[in-house]
Structure formats: C-alpha cells, structure tokens
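Novice: In case you want the letters, here they are:
2 protein chains.
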Amino acid sequence: MKKTGHFPVHTLAVGWLLLFHLPANGMPGENSLNILPIPENLTMRTGRMAIDKDFDVVIRCHNTTIIEEAVTRFLGRLQKRTGIPLASKVATNPEDAEFEIHCMGNEDKVQSIRTDESYALEITEERARLSASSPVGVLRGLETFLQLTDIDTQSFFVPSVKIEDHPRFNWRGLLIDVSRHFEPVEIIKRNLDAMAAVKMNVLHWHLSDDQGFRVESKVFPGLHQLGSDGKYYLQSEVHEIVAYAHNRGIRIVPEFDMPGHSTSWLVSYPELAAAPGPYNIERQWGVFEPCMDPSKEEVYRFLDAFIGEMAALFPDEYFHIGGDEVNPKQWNESSRIRKYKERNNLAENHELQVYFNQRLLGILAKHGKKMIGWDEILQPKLPESIIVQSWRGQASLARGARQGYRGILSYGYYLDHMRPASFHYAMDPLGNEAADLSDDEKTRILGGEACMWAEFVNPENIESRIWPRTAAIAERLWSPAATNDIESLYRRLEYIDGELISLGLRHRTLYHENIQRLAGTMDVRPLMVFAELLQPPSLGIRKRAQTYFSHTPLNRLVDVIIPESKSAREFSNLVDRRLSHSSQGPASEKIRESLRLWMANNAPLQPILDRSYLLKEVQPLAALVAELCKCGLEALNYLDSRQIPPQSWQEEAAALLTHAEEPHAEIYIAILPPIKKLVEQTTITLQ
Amino acid sequence: MKKTGHFPVHTLAVGWLLLFHLPANGMPGENSLNILPIPENLTMRTGRMAIDKDFDVVIRCHNTTIIEEAVTRFLGRLQKRTGIPLASKVATNPEDAEFEIHCMGNEDKVQSIRTDESYALEITEERARLSASSPVGVLRGLETFLQLTDIDTQSFFVPSVKIEDHPRFNWRGLLIDVSRHFEPVEIIKRNLDAMAAVKMNVLHWHLSDDQGFRVESKVFPGLHQLGSDGKYYLQSEVHEIVAYAHNRGIRIVPEFDMPGHSTSWLVSYPELAAAPGPYNIERQWGVFEPCMDPSKEEVYRFLDAFIGEMAALFPDEYFHIGGDEVNPKQWNESSRIRKYKERNNLAENHELQVYFNQRLLGILAKHGKKMIGWDEILQPKLPESIIVQSWRGQASLARGARQGYRGILSYGYYLDHMRPASFHYAMDPLGNEAADLSDDEKTRILGGEACMWAEFVNPENIESRIWPRTAAIAERLWSPAATNDIESLYRRLEYIDGELISLGLRHRTLYHENIQRLAGTMDVRPLMVFAELLQPPSLGIRKRAQTYFSHTPLNRLVDVIIPESKSAREFSNLVDRRLSHSSQGPASEKIRESLRLWMANNAPLQPILDRSYLLKEVQPLAALVAELCKCGLEALNYLDSRQIPPQSWQEEAAALLTHAEEPHAEIYIAILPPIKKLVEQTTITLQ
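Here the protein sequences line up with chains F and Y, keeping their order. Each residue of the first sequence is one higher than the one before, starting from 1 at the first, in the numbering used here. Each residue of the second sequence is one higher than the one before, starting from 688 at the first, in the numbering used here.
Simulated from the structure, these hints should not be mistaken for laboratory data. It should be emphasised that the depicted structure is a prediction, and the values quoted were computed from it without experimental measurement. Built from N, CA and C at the ideal position, the CB exists for glycine as well. Do not take every clue at face value.
[As the list claims (entries may be wrong)] Quick list of in silico lysine-lysine cross-link-like pairs, DSS-like style, CA-CA up to 30 Å:
1) F:80 x Y:776
2) Y:918 x F:189
3) Y:1277 x F:566
4) Y:1303 x F:89
5) Y:767 x F:53
6) F:616 x Y:740
7) Y:776 x F:616
8) F:590 x Y:1253
9) Y:1303 x F:53
10) Y:767 x F:616
11) F:231 x Y:776
12) F:543 x Y:767
13) F:231 x Y:1230
14) F:590 x Y:918
15) F:89 x Y:1230
16) F:566 x Y:767
17) F:189 x Y:767
18) Y:876 x F:89
19) Y:905 x F:89
20) F:677 x F:590
21) Y:983 x F:543
22) Y:1277 x F:80
23) F:189 x Y:876
24) F:566 x Y:1253
25) F:189 x Y:776
26) F:89 x Y:918
[To be verified] Far from chain F, some chain Y residues (derived; all Cβ distances over 10 Å):
27) 720
28) 838
29) 857
30) 1054
31) 1062
32) 1200
33) 1271
34) 1303
35) 1348
36) 1371
[What the hints assert, rightly or not] Computed Cβ-Cβ distance ranges for the label pairs, DEER-style:
37) F:544 x Y:779: 32 to 42 Å
38) F:339 x Y:740: 44 to 54 Å
39) F:284 x Y:841: 44 to 54 Å
40) F:647 x Y:841: 41 to 51 Å
Next up, chain F with everything else stripped away, as it sits in the complex (with noise of 0.2 Å):
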C-alpha cells in the first residue's frame, strides 16, 4: 500500500475550479470590504492612501503606554500583510505623518461596561486620521485599519473612506470553560488575540466546576491542589492573562460557580458541602449532587476570605458567581438544611439559594465587586446592581429587563451546540421578545457571550470549535440590527479566519494533524474528503451515545471534524440554484460532479477505515454517504428529465433519509439537507 502521508494543500487547489466559478469581475466597493464587524456609520469615498515604505505613524495622546504597545502590533502586522519593512515606522517627522493617531481620553486602569469604545477613522488621498476619546476606542480603530488593507495595481492601500463606530452592546464576550477541559496560557492568549480582532471585550473565564478547580489559591491551597490533576494557572500567569487582555482592551470576568458546581473544591474542604463526603473530582458531564450549604457560617467565612483573594487577582468590576443547576438532593436530604430552612422561613430552596446569594452579595460587596450570575440568580430580592446571562432565552432576558435587571444573553450562543454561523447570527439579544420593552428596559440588556463549554473540547480542537463562528457573534454584538446579509457575513467570516491564523491561530494546522492522526501513515486525503461532508452533533447527542469521562481521548472523527462545512454550504446553495429554476441548468452539472466525485471517493476511502481502530465506527457512516449521494443524483436525473420517479424509488429514497437523519458515530451528515431537498423536490413538483 502506498501511503504518501501528510498531503501538502499547495496540490489540492485544483478541484474548485470544478465545483465553483468565480462570478464576474469588478471594482471593490462597499459591499466588499472584508471589515468585521461592519461599522455603524461606514461612507466610501473615491480615491485610496497608499501604503507604501513611506507609510508613518505619529501618536497624539494624552497617555499612549497602551496605545503605543497597541500601534508597535499594529505596526508588525501591516508589515506582515505587505511584506514591507514597516515595523518601526513611528513617524520621525510628525507634522508629515501619513497616519495620525489622536486620543485625548485617558486610559481606565481597569476597563468596564462604561468604557468607551467609539472611533472615527477618516482616510482621504493624502492621509488617514484615527480618532477616539478613549485608548479602547483606539485599539478598535486600528482593527478597522487592518481589516481595510488591501492591494491594487499600484500599492497596498486604505480606500478614502469615512467611519463613524461605536458598540451597538457594550459586553462583548466569548465564555471558555477550563474547567472540564484545561486549556493552557497560550491558547487563551490565541483568543484573547482572535477576540480583539473582531472587536470582543470580555472573556469569562470558567475556571472552576465540579470536574477541575482551575487558579493557584495562597489562602486554601487545597482548591488548586487537590482540585485539579495539575492543571490551573499560577497567579502569575493570571496576572499575565489580565495584562494581556487588558492590552487589547478586553475585560476578564472570572467565574466560580456556586453553590452547585463545585465538586472540586470539596475535594480539600469537604466541610463546605451539604454531605459529609468525602469527594473526588468528578469525570464525567452532567449535574451532580454536590452542593456547598448555605447554612454554615463557615462557608461564608471561606468564601470571604476566598474572594478577598480572587479579587485583588482580577481587577474587573464583575464577578461571577455561576449559581446554575444546583441539584436539590443534597438540600433535601440535610435535616441540618431542612432546620435552617424552616428556621428562616425559606420555603424553597430556590429562596434558600436567594438568601445564599444575598450573603454572596454582601462579601461581593465588601470586596468592591459586583454580582454576576445565570438565570437562576434571578429572583426577587435581588438587588438591581446584579447582571443576569441567559442561557434561556431572550424572553427571560427581557422579563429581567422589566423587573429592572440588566442582562446578557447567551442563550443561542452556545458554540457547543455545533450550529452554524448564521444561526448565531440571527440571534439578537434584542430580538422579537424584547419588542414590548421600553428604551430604558432595553438598554439594560447589555449585550451577549458566546459559550465554549469544555465536555468535548480539549487544546487540540477548541481553536475549531470558537473560530471563526464567534466571529459571527461578535458582529451580531457590535453592528447594528439591520446588518443581516448571510453572504456577505460568509464570504467576510472566511477572509477572516485567514486573519485569524496569521495572528497565531492553530485551528487550521492542528485540524489537518487531527485528521492524519486517524489515517496514521496512510495518505490522508480521501479522509479529507469524506471529513469536508461531515458535522458533528450537539453535547447532548454525544452525551447520550456512551459514557464519557474527562479522561476520554478526544480523537475520533466526530472531534475532529469542523463545526460547518464550507463543501457542504456551497453544495447547498448550488442546490437551492437548481431549485429556483424548473429545468437543468449550470447549477446540475456541478451538482452532479460533486456528487460523483464524493462517491468515487468510497473506494480510496475504505482502505483507511479498514485499517483504523479510531476509524472503524463510521464504516457504515461512509456507506450511508455514498448512497445518499446516488440517491441524490437519482433525484437531480429525475428532475432534469421531468420524469416522476416510481413509488418504491420514493419510499427507498424516504427510508434512507431517515436513517440518515440520525447521528452515525455520533455524526451528522452536512450535505443531508440539500439531498434531502432535491428528493423531496421531485415529488412536489413532478405531481
């Protein structure tokens, strides 16, 4: 057997010339810009400044330490993307700058919701200006900056352009869970860098449940000791972290999740539990029934003195409290609990997680922090200072908002749900629920996060899992409502993710690893092709094929394959253009060649699934795919001919699309949909 191993991409550039054709040439203008997220006030001019070896930067501000780190990246990336010695070209003659930075605001120590983060950009033939009343709105302008760069017949170039920008929502945030996975300092650094760049300003930073304790604790060194096999930051890497973001105008909101959710703190201090234990840290995923109690006092003197530390380490103002899911059974069974209960009147044990809130508030409080929790905190009795995430859904965002609590929405947001980038996009925290609210209850939903929970994500896939979907959320975030174009947010979304790995992102690298890593030193390509046809399913679909543990390899197909498919995308709006038309057209040729071509590729492809351990459960995957892509084309023959295809074709082809409908190996097959279109479509229109 001839195995050519890794397969060098330059080779593989031929084959979209078969599938796509590019549409007709022309001048760029608004519409193609590859700015993300789109500005709120955008006005193109004629004419472009060039970006040449001439190019210089001169900054005027009142206090520049943050800018003038932020201009030296600046600097090293227009160099990068012009391959011109730039890097240093901080004007030596101010007064002939071709690029002027102005921001007469002065840095916040520790930036917060009220930070503001507006610019203007205006670049005219000669010269460009950046403008911001604060160093953020800065470090946003000179992402716009970038992402404006391109190249014509004479030079790299900004085009004359006017921009007027500013936040639709002022929190911004991707959530990463490092709990149940641990991701080490420089992959939460390659997010902090992706998150800039589309315009973030929050990570919130999971860092404790039930399955790892995850910072250096000095005052109850049990927390990270016993807490997490190993695997937690050092303060100093936190204090690095903070930097870091803070550098690139992001906020770290850290999160402890209490009282449920904290299996791994009871590992040293069982004596906060509601049950005696002992406890271990917890494998596998769900929720368990660990629960700290609410009625010692010395649970409130632990995390007084816990959260003293954990404040003084992160700066920000918030501090999340999780307060999701807590699972009754250990408050039920306490007769200690059920006396306190009695005792203070608490009925219910979501009034007993109130009163346990409202102590946290206090210590919270008294540490200058402010509460931030899920959807269960919201209760009455809540102060209004509080700021609720919903995982449920804009209508419990927007009911907060009429009791007078802020919130954030991340409901539609979770990147472990494995939707595509336009369903995220089309999620709005001020969508049709929040239609009735006043403009005071509005601007109190504040924004929206999205949520990289960790059952299935490890450092080899996250990077593919959060980009560049989020990006899509990060639009959604920061545009205006109007700006809706799926296209448009695809074709940028794309240029984009090649930003994205120049600035150090690995998604694209480790995914052809993960991908040879199955083949083992088989030549890998026909498991590239079946792999571009493949999805994998939400966390509950996976949850509920086997057991996992937090020590279960990640290295199936299932955990390699990438979120969205752009063979699969393309190969549907191919099918929806043959579907607009009654009758063939280009669009069933190139239907036809990628259907064949997907089918031929079954025989190369069996070899490897024959010979792989990993790969051996989606044998009969791979047989589903090579019939519905017959059935497919059966279906595209009978529609190009106007033939009505005979009732046992019909209930052949209903039955396999079933079957396929289920998850094979846990996997979904992304060019189902279309498939399925053009069956069903030759008994709709062919009757």
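Fit chain Y to the supplied structure of chain F, relying on the hints for placement.
Specialist: Quick look at chain Y alone, frame taken from chain F:
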C-alpha cells in the same frame, strides 16, 4: 467582484481525486515505513506493540538530565500523535514498563564529531527497548520510534522491528546565513527542532558578513551596535540557543567570515581594513572590496580578544573562519601590504591569506578551538587539524583528503539554488570523485552541510526554502550509500513534512498568508492553482535580473512559490508514464484533465493579476503558461491519434518552448519539462 478571501484548505480536497488514484491496498511492509533517514539495519518482524493508555517509559541511564527532557518531549509528541494522555507516562512500576530506554554512557558536556550517535531499537509484541552508548544515541532512537508510530485496527502501535542504526557521516549540518537577512530566535529554534527530527547534528550559524554582524560583543560593542541595524542576538540568546541545540544533539558551529566578507565589522572598526574607509553596512549582494589587513599587528590583537570572547560563548571545538572569496583589490592597492608581502616572501595574495590563517590558527589554538573554513583556506602549510568545507565540489574535497585534510561537502547542497530534493539526494560526499581514495582517505570526508544563504530569504519564506528538501540531504548523510529510491524519498518527505509542521514549523501557514497578501482581499484560489505550476530560480538568475538591496521587500510571487511543486512532479510522472507506452492509456486522460484545468484557470486568474501591483509582472507568465498547456494538449492529441504534427506547428511549438525556458518575472515554469517531453515525442515517435 466577489472576494471570498482566505481559502479554507478543507474544501480543496476534492481535486486530487480527478488526477490521481490510490494504488492497491495491502498491509504495510518495510518499504512503506515512513522513517527518514532510513536506518543502517532494519529487520521487520511479525507483530506489533500497542500504544494505548497503558504505555509507559522507564529510563535506565547513568546520566539522565538530557534524556529525561528528551523523554518528556517524546511523550508530548506521542500524545499529540495519538490523542491519548501520555504526556507524563514515566513508569510507576519500572519492571512492567513497555518502553525501556537504556544508556550507560555519560553525556558529553560538549558534543563533537566523536560523539557516538548509534542506537539499537528492538520492538516485540510486549516491549520496546532502546539502547545506546551515549545520550545522543537515545535522542536519535526516540525520533525513529516516533516515526514508526502508526494506527491499525486495534490501536496505535509500533511494528515489531529490530533496528541497529549508526550514521554514515558524523557531520550532518545545516548552514543558516543570518547576516544577509536576520532570523529571530524562534526561527532558529524551529529549525533546530526540524533538524533533530531528521537526525542532523550541526547548525552552522553564519553570523557575520558584509551585510550584518549578528552577535552582541561586549569586548567590541561597535560590532553589533553599528554593524547590525539593531538586529543581532544577545549573548543570553546565544546561550539559550546553544543549550537548546545541545539538548537535541546538535552542535552549534559559529562562522565569522574573514578576512573578506567583513564590511559590517569595519563600520565601527575601520582600522582593521586594508584601506582607510569609512565603511557602511553593505546593502547589496556580491563579493565586495573591504577586507581585513593581514599586515597589521593590531588586527591580530583585535581578533585575539574577539575570538577569546566568542570562544567562551560557543562551546563547540570548531570555529569557522570563513575565508572565502577574498577580493584582492584592497590588498593590491595598499603599498603597506605590498611591502609586507615582499618583506615576508609572500609572492601571491593567496600566500598572504595562508599567512593570515596561520596567525588565526594560533589564536584559535590559544582559545582551545580548531579551525574550519571554506575551500580557499586549503593551502599547503596549514596543519592537518583543519577542516575544509567545500563549495567547489567533490573533486576538491577528494583532493584535500589525499593531502591529509578532513573535509565536508556543501557543493550540491546549496538550498538557494532551488534544486529539487532528488538533486541534493544524488549528491554523495563519497561520490565518483572519491572512488580512488584509500579507506583511510575516505574517513577524512566527514559529511556535509546544506547551505541556506540568505540573499532572498527572510523570516517569511526561509522555512519553505529549507524544508522539507533538507531532509533529503539529512538522509544522504545518515543512511547507507545504497539508499537511493526516489519514489520512497518523496513519499517519506511528504509525510515527514507533516511531522515538521506538527513540531511547529510554519512554512505551510506562511505560504497561505503570503499568497493571500498578493491577492489582497480577492479570492486567492486561482492564484494558488497558478503558483503550483511555477518554481523560483537560483539566486544567480535573480541577481542578474535586477539590483537588489537588503531592504528590498521579498513580497513578490517569486519569493512565495515553493522550490518544488508536488503538482508539477506528479504531472511529470504522468507524462513519463504516458510516454513509456506507445499509445493512449489512462495517463493520457489525466494529463488532459490537468492541462485543461490549468488553462481554464487563466480566466479567473486574470482579474487578480490585473488588480495587484505585485502580480502585474506575472501577467505575461500567466499567458505563457496557458499557451504551454494548450501546446501540451495538442502534442498529446497528436501522440494519442498517432498523427504527425505539421511543420508549422512544430516550429511554433519549438519557439514557444524556447521562450518558456527563460525566466519571466524571475520565475521558471515547473511544468515546462514534461510539456517539452510531450512536444518532443511527437517528432521522435512519429517520424
């Protein structure tokens, strides 16, 4: 114009199916292992040892620091390759360990050409045992183990095998010129990682030349302060790199080129020169006049102090003094030097250089160093302790060996000549020219060095110029002379290239970025298809094409395209296959498909070339490639239909081929040779 930006490689995988088929399947045997370099002795046995979660390692060695660190890296890579948590699998019960590492030798504080790199690796169904007499042998064996790792129906595994391995040559180097373009520390480290993966053992660090002096000198700070444009290695960075290399079994041999190629020294220290100066850093490429003055005692005092400082910084026993390409002009024009030559009976300049080298020898000896230098230093009167590095060729090397001098080969290993891996692979230090040498004389030929001269490389393209081609040289220098299967080499190079990328090398990522840069925000795919058909020329062609300066951006297509295109090579193989038969066969159809694809690519390519100032120069080249493809198609049609092409066609084709043989925009057409074969065959077979 639609501009879809960065091209996600996932979607490319369909193309290969059209061009190539997988050969028949079978179980992997000795010939399908992806080991590179191939070991001296390898015996395959039946069976295999599983690598699963129970895999662990025990180290049984006298001196284990270097080995412990190597095993940690090894386990990290094994974890990455399998996705199974193995990173800390050092055996808890040593008796049961699956993989035993045995080494009774002590670590050389400084590795040398006498360091024993041999190892034995024996793998049975139950256990693996790696034994070596020195820690460096262990390092070599660990790389082999990793390369043996594969997947089968049961698990990851290594095959049962017995390997006894030992390098054919003890000097297997890579020269990196950091003077003409500087390379930052992380790029040096990435190259060291790659070298270790293919068992190379010398980094020849070309640290000074006319265009830059790249090491901090505390004794003569003017050297780096005025000789480097601020681009130099701190002494702390040198220590770091020396240690990094040592831990990977790689020696660092520094080169300070003298008495010529020394302009950068003279900027601060003009008194060393044979003419008064003043001097500036040289900004162009070539052989320049500035030269040290061998007649001045202060030159030797300076070199004594300087070499004393550097001897402490670089622990290797060899110190490379360059010695090449002395321009005689300053020596000839200096009356002082003319008189000095007369006084000392030095008739010719080369005798003066011998004198200079003898003085240097004394200084080196004083500081505990031995001399290595280029061909030119090989003159009677120098002691046999020196090593000569031959850029002139194998005959020169053999002549030296006959005179008693040891030497290494670099002729034929110049990476900037942009020759294919197969060319370098064929270049044997003990080639025909050494056939007459006695066995004793043969032992004086120590090995060779790949040379990456840096006129046209910078941090953005250096990795693509060095890798994977240098791995072919690594194999030539390690494996038995009879290891000569080109198909096997290319299969393994492709696989190993993936391993290098997994180790962190960035040539694939940078290729994408740099190609995208040329296309600006436009869809880059047609440009990628085009780039696959091209190859860069040797530096000589480039220097003749235009005047280059060290600050000239290397951002044109010629700077990005890779030295050896897989598409072109596979196309060439197809043509050979077609021409080995007298009539049309399956190869014809594939050749036709390729040529049609490449012709069709011209339409979508043109708008990109029209728009980019950096691509304008390749418009005629693109037209020429399309014409060539058309001509190739016509030739194939004549061949397949067994028709004699008309005289007029033959003449036009010949003119086209002649025109295409010239570089255009400094670029060669990689698919020209096979197309030429097709055209020429029409007249050979048909007349």
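Novice: Against this structure, judge whether each hint is valid.
Specialist: Verification of the supplied hints:
| no. | hint | verdict |
| --- | --- | --- |
| 1 | F:80 x Y:776 | violated (40 Å) |
| 2 | Y:918 x F:189 | holds (27 Å) |
| 3 | Y:1277 x F:566 | holds (27 Å) |
| 4 | Y:1303 x F:89 | holds (27 Å) |
| 5 | Y:767 x F:53 | violated (42 Å) |
| 6 | F:616 x Y:740 | holds (19 Å) |
| 7 | Y:776 x F:616 | holds (27 Å) |
| 8 | F:590 x Y:1253 | holds (27 Å) |
| 9 | Y:1303 x F:53 | holds (19 Å) |
| 10 | Y:767 x F:616 | holds (21 Å) |
| 11 | F:231 x Y:776 | holds (16 Å) |
| 12 | F:543 x Y:767 | holds (24 Å) |
| 13 | F:231 x Y:1230 | violated (54 Å) |
| 14 | F:590 x Y:918 | violated (53 Å) |
| 15 | F:89 x Y:1230 | holds (28 Å) |
| 16 | F:566 x Y:767 | holds (26 Å) |
| 17 | F:189 x Y:767 | holds (20 Å) |
| 18 | Y:876 x F:89 | holds (28 Å) |
| 19 | Y:905 x F:89 | holds (29 Å) |
| 20 | F:677 x F:590 | holds (16 Å) |
| 21 | Y:983 x F:543 | violated (81 Å) |
| 22 | Y:1277 x F:80 | violated (38 Å) |
| 23 | F:189 x Y:876 | holds (21 Å) |
| 24 | F:566 x Y:1253 | holds (25 Å) |
| 25 | F:189 x Y:776 | holds (28 Å) |
| 26 | F:89 x Y:918 | holds (16 Å) |
| 27 | 720 | violated (8 Å) |
| 28 | 838 | violated (4 Å) |
| 29 | 857 | holds (29 Å) |
| 30 | 1054 | holds (37 Å) |
| 31 | 1062 | holds (35 Å) |
| 32 | 1200 | violated (5 Å) |
| 33 | 1271 | holds (22 Å) |
| 34 | 1303 | violated (7 Å) |
| 35 | 1348 | holds (23 Å) |
| 36 | 1371 | holds (30 Å) |
| 37 | F:544 x Y:779: 32 to 42 Å | holds (35 Å) |
| 38 | F:339 x Y:740: 44 to 54 Å | holds (47 Å) |
| 39 | F:284 x Y:841: 44 to 54 Å | violated (26 Å) |
| 40 | F:647 x Y:841: 41 to 51 Å | holds (46 Å) |
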